[in-house]
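Q: If you read the protein sequences in the order shown, they are chains A and B.
If you count the first sequence from 1, position 256 lands on 256 in the numbering used here, and the numbers rise without skipping.
If you count the second sequence from 1, position 164 lands on 164 in the numbering used here, and the numbers rise without skipping.
Quick caveat, the hints were computed from the structure, so don't treat them as lab data.
The structure presented is a predicted model; accordingly, all values stated were derived computationally and were not measured.
All residues carry an ideal CB built from backbone N, CA and C; glycine is no exception.
Incorrect hints may have been included.
In silico SDA-like pairs for lysine to any residue, Cα to Cα no more than 20 angstroms straight-line [what the hints assert, rightly or not]: (1) B:K255 with A:I194; (2) B:K255 with A:K218; (3) B:K255 with A:D68; (4) B:K255 with B:L244; (5) A:K218 with A:L245.
Chain B regions said to be covered by chain A (calculated; three or more residues, Cβ under 8 angstroms) [as the list claims (entries may be wrong)]: (6) 75-81; (7) 84-91; (8) 108-115.
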Amino acid sequence: MPPIIDCAAVTKRYANGHLALDAVDLAIDKGEIFALLGPNGAGKTTLIGVVCGTVSMTSGAVRVAGFDIQRDFRAARFAIGLVPQEIALDIFATVWGTVSFSRRLFGRPPDPAYLERLLRDLSLWEKRNSRIVELSGGMKRRVMIAKALSHQPEVLFLDEPTAGVDVNLRRDMWALVRRLRDDGVTVILTTHYIEEAEEMADRVGVIDKGRVLLVEDKKALMRKLGKRRLTLVLTRPLPALPDSLAGWPIALEDGGRRLAYSFDASARDTGAPTLLRRLAEAGVDFADLETTASSLEDIFVDLVGRAA
Amino acid sequence: MRGLNPGGVWAIYRYELSRTVRTIWQSVATPVITTALYFVVFGGAIGSRIHEVGGVSYGAFIVPGLIMLSLLTQSLSNASIGIYFPKFTGTIFEILSAPLSPVEAVAAYVGAAATKSIVIGLIILATATLFVEVRIDHPFWMVAFLILTSVAFSLLGFVIGVWAKTFEQLAVIPSLVVTPLTFLGGAFYSIDMLPPFWRTVSLFNPVVYLVSGFRWSFLSQGDVSVATSLGFTIAFIVVSLAILTWIFRTGWRLKP
Ligand SMILES: Nc1ncnc2c1ncn2[C@@H]1O[C@H](COP(=O)(O)OP(=O)(O)OP(=O)(O)O)[C@@H](O)[C@H]1O
Ligand SMILES: [Mg+2]
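Construct the complete structure from the given sequences, taking the supplied hints into account.
A: Structure below.
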């Protein structure tokens, strides 16, 4: 199946000369939840803006649902719902008014039953006749989501949906995203919270300084990089590894005072018991031991650090 | 969805007019009161000294100029605020990401601004009939000039709204350029009444052509020929459209 979003060499240079996107290639599959991770200023919002038509592209090409965003802009935009990073609403409009306005803007015929379901799903139904100015920040954020979904898009962009949102609302958002995925909607979200990507996404893309550093299936990524590290603090410095451990992924650190062993946490045989036995056989004593797991956070910091 | 999006145009048009309806009393009362004041001041005070201009009473003479003054300022401010405000609050993202062509977006915003001006123009006309006997010799052309002028200045207002980065800039063109040009453009006098030098200077004032054509449609008399006025108004629309095409092609001040 062709990707629902296909960016080819997308480049954006702002008027002040800043290169915010540097030849980005990115393909998003239909029906997946894709998390775009990156530090402040990485280019996440710019990339979303280019795809949705709110930022003009310097060069490159983007297809949405098979339609070129410039030549077939109507069909491309019709497929997209956008929840921008900043809340932007007409404060005098009512919830119902602004959500049905969004639907009409996309040329969809009225469907009060659908809008009712949408507002109920987002716990906004009771507030439908309230004016935006009377709502709390979290409610406004949900109104933004309702507007983006009002025309039943195939793809939903959520630019930092959970920034400044309390724990309950965050859980609600995650539940909503899963429901959308069950309905076949593709969701692309940006976030600074690694646990959010870990919790939600099918695939993760890491972007920094306008370049995509990595795109990977989350499970594979976690597996590949989901290594554990066993560190032994030795009682006496060890000048070299015993022969019985030759070829093991072991490093001696801190002048031989520490011994570090990396292993795959999900493997059936981690090798750790064998290691300990062989060390005992070789007469190597240790005073302490610790294990640490690498998370997306480590991967992320590692990747971004390496690219810098 | 590949064809036009009339539903989207209609949504913006209705939304823009509903902004007016929210402030309906202000929208209607302002032109009625100002018109009444103009008649009291100009019609009463000055009109008692200037009895007739070109064979009509001074009161009847200023009606077209009075309507034109409101038409120009209302079109500019409605259209410029209509697009400036979403830019200011950020809600423009929704318009930019909607399946609407630039032509459709402009049609919706400019159409709504022009509609509001036309309604206000008609309200002023109705108010004027309470004070003076209004004669309309060429009703078709009166309506045509009403519509064309509203569209022309709503287009200009849209350009100003896109260009403006602050509320001050939004106000500067209407108050510093258009209102003075209107007062000096023969809204309240015939430029024939001026000394020859100022009459020549006046011919560089675009508002003279607008007022003149409009006055001709009422009284069959104008400072320049009606064809010139019509040609000028249409040229004005064409230039504004050309600027707008460029704006949308480049995304100037609408998209970063
Ligand atoms: N309108 C603009 N003009 C000039 N530079 C801009 C503009 N908008 C963004 N930038 C710059 O482009 C870069 C990318 O910005 P962008 O908003 O895409 O980052 P981001 O990944 O969304 O960051 P955050 O996580 O903080 O939202 C930043 O360096 C930013 O300063
Ligand atoms: Mg951002």
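Q: All hints, please: hold or fail.
A: Taking the hints in turn, this is what the structure says about them:
1. B:K255 with A:I194: This hinted pair is violated, its Cα atoms lying about 31 angstroms apart.
2. B:K255 with A:K218: 34 angstroms, violated
3. B:K255 with A:D68: 19 angstroms, holds
4. B:K255 with B:L244: Measuring from Cα to Cα gives roughly 14 angstroms; hence the hint holds.
5. A:K218 with A:L245: This hinted pair is violated, its Cα atoms lying about 33 angstroms apart.
6. 75-81: Three-residue rule not met by the region 75-81 of chain B, so violated; n is 0.
7. 84-91: The restraint on the region 84-91 of chain B holds, since 3 of its residues have a Cβ under 8 angstroms from chain A and three suffice.
8. 108-115: violated (count 0)
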